[in-house]
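Residues per chain are reported as follows:
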Amino acid sequence: MFNENEKFNLIIRFQQLTLSGEITWKVANPHPAIVKMKDEYISTCYYCSFRESDIYLYVERYSYYNGEFDNWLFSERTVLTILENDFISWENYTDQGLLNDLLRIVMNSTANIGKFF
Amino acid sequence: MPMWAQWLGFWITLISGIISAFVLYQAFQLKSIFLLKAKLPKLHENLRIYRERFNMLLANEPKNFQKMSVIQAEIISVLDQAKPYLSKPDANKIDKVHYDLSKKIVNEKSSWDFYQSLASLEKHVASSSEDLKWNS
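Residue numbers (the numbering used here), protein chains in the order written: chain F, 1 to 117; chain R, 1001 to 1136.
Simulated from the structure, these hints should not be mistaken for lab results.
Take the hints with a grain of salt, since some may be wrong.
Said to hold, decoys possible - Here are the simulated DSS-like pairs of lysine-lysine, each with C-alpha atoms no more than 25 Å apart in a straight line:
| no. | chain 1 | residue 1 | chain 2 | residue 2 |
| --- | --- | --- | --- | --- |
| 1 | R | Lys1063 | R | Lys1042 |
| 2 | F | Lys7 | R | Lys1123 |
| 3 | R | Lys1093 | R | Lys1063 |
| 4 | F | Lys26 | R | Lys1088 |
| 5 | R | Lys1093 | R | Lys1042 |
| 6 | R | Lys1123 | R | Lys1093 |
| 7 | F | Lys115 | R | Lys1067 |
| 8 | F | Lys36 | F | Lys26 |
| 9 | R | Lys1103 | F | Lys36 |
| 10 | R | Lys1088 | R | Lys1042 |
| 11 | R | Lys1103 | R | Lys1093 |
| 12 | R | Lys1104 | R | Lys1083 |
| 13 | R | Lys1109 | F | Lys7 |
| 14 | R | Lys1104 | R | Lys1093 |
| 15 | R | Lys1104 | R | Lys1123 |
Stated by the list, open to error - Derived coverage of chain R by chain F (criterion: at least 3 residues anywhere in the stretch with Cβ under 8 Å from a Cβ of chain F; other residues may be distant):
| no. | segment |
| --- | --- |
| 16 | 1084 to 1091 |
| 17 | 1105 to 1118 |
This structure is a prediction, so every number in the text was calculated from the model and none was measured.
Built from N, CA and C at the ideal position, the CB exists for glycine as well.
Whenever a hint applies, use it, and build me the whole structure from the sequences.
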């Protein structure tokens, strides 16, 4: 069972591995296990493989019901998912601060904006 | 003045005193809640901004410990200013992480440890802020 610190450590570990170049992310289509049975729209998705696990980092737009005003609202969140044998073995969307930092690091590592100069 | 009138006066004074004390207590509680409602989201926003800035330093200037220490000092100052207005559990949480956040940043390990403590505190403050929104 993951505790709070381990969840934090895992996201921070991925940040460190990305910054040190030990893992390389690439833009990818979301795995069917991620999109299946979901209404959410995935706007950005990154993939990398690490120690025989498939890791996906993606941004999804989702709708939720707002009971106070009796309407549906849209929001966006970053999700980190680990897949083992094409099944989701772990995912995290609760630590948005750390996940957004990871997303920014991954975007900067894959964007290759140097080609525009 | 008859005895019964004196007693009546005594009881009226006593009861109105108790009611005034109760009203004052409630007003103080309300003031605390309003202060908390104003302070907690602000503290959360500050911590979020500092966490992002610190993470950018970790990514772009991982060995600039001097710059990191400046952010560290700013964060501790923000926490010290906010603490008197916070509820007891939140103030306790700050006391608990204060030691970790005050450790000198001298190498990459200590900088990442600081980042982790900051993220943990930010999450706690965000959750308290959300609870306060729904419970008051």
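These are the hints, each one checked on the structure:
1. Of the pairs offered as hints, the one joining Lys1063 of chain R and Lys1042 of chain R is violated, with about 30 Å between alpha carbons and a cut-off of 25 Å exceeded.
2. The suggested pairing of Lys7 of chain F with Lys1123 of chain R holds, with an alpha-carbon distance near 13 Å, which does not exceed 25 Å.
3. Proximity of Lys1093 of chain R to Lys1063 of chain R is assessed by CA-CA distance (about 29 Å); at most 25 Å being required, the pair is judged violated.
4. Simply put, Lys26 of chain F and Lys1088 of chain R have alpha-carbon atoms about 46 Å apart, too far for the 25 Å limit, and the pair is violated.
5. Distance hint between Lys1093 of chain R and Lys1042 of chain R is fulfilled; the C-alpha atoms sit about 17 Å from each other, no more than 25 Å.
6. Annotation: proposed proximity of Lys1123 of chain R to Lys1093 of chain R holds, straight-line Cα distance about 11 Å (limit 25 Å).
7. Using a Cα cut-off of 25 Å, the hinted pair Lys115 of chain F and Lys1067 of chain R is violated, with the two alpha carbons roughly 30 Å apart.
8. Taken as a hint, the Lys36 of chain F and Lys26 of chain F pair is honoured in the structure, with Cα atoms around 21 Å apart against an allowance of 25 Å.
9. Restraint check for Lys1103 of chain R and Lys36 of chain F: the C-alpha separation of about 46 Å exceeds 25 Å, so the hint is violated.
10. Of the supplied pair hints, the one linking Lys1088 of chain R and Lys1042 of chain R holds, its CA atoms being roughly 18 Å apart against a limit of 25 Å.
11. Using a Cα cut-off of 25 Å, the hinted pair Lys1103 of chain R and Lys1093 of chain R holds, with the two alpha carbons roughly 17 Å apart.
12. Between the alpha carbons of Lys1104 of chain R and Lys1083 of chain R the distance comes to roughly 21 Å, so the proposed pair stays at or under 25 Å and holds.
13. Restraint check: the Cα-Cα separation between Lys1109 of chain R and Lys7 of chain F comes to about 18 Å, which is no more than 25 Å; the hinted pair holds.
14. Restraint check: the Cα-Cα separation between Lys1104 of chain R and Lys1093 of chain R comes to about 20 Å, which is no more than 25 Å; the hinted pair holds.
15. Straight-line distance between C-alpha atoms of Lys1104 of chain R and Lys1123 of chain R comes to about 22 Å, which keeps the hinted pair within the 25 Å bound.
16. Here's how the segment 1084 to 1091 of chain R fares: 0 of its residues keep a CB closer than 8 Å to some CB of chain F, so the rule of at least three is not met and the hint is violated.
17. Coverage of a stretch by a chain is defined here by at least three residues with a beta carbon nearer than 8 Å to that chain's beta carbons; for the segment 1105 to 1118 of chain R and chain F the count is 3, and the condition holds.
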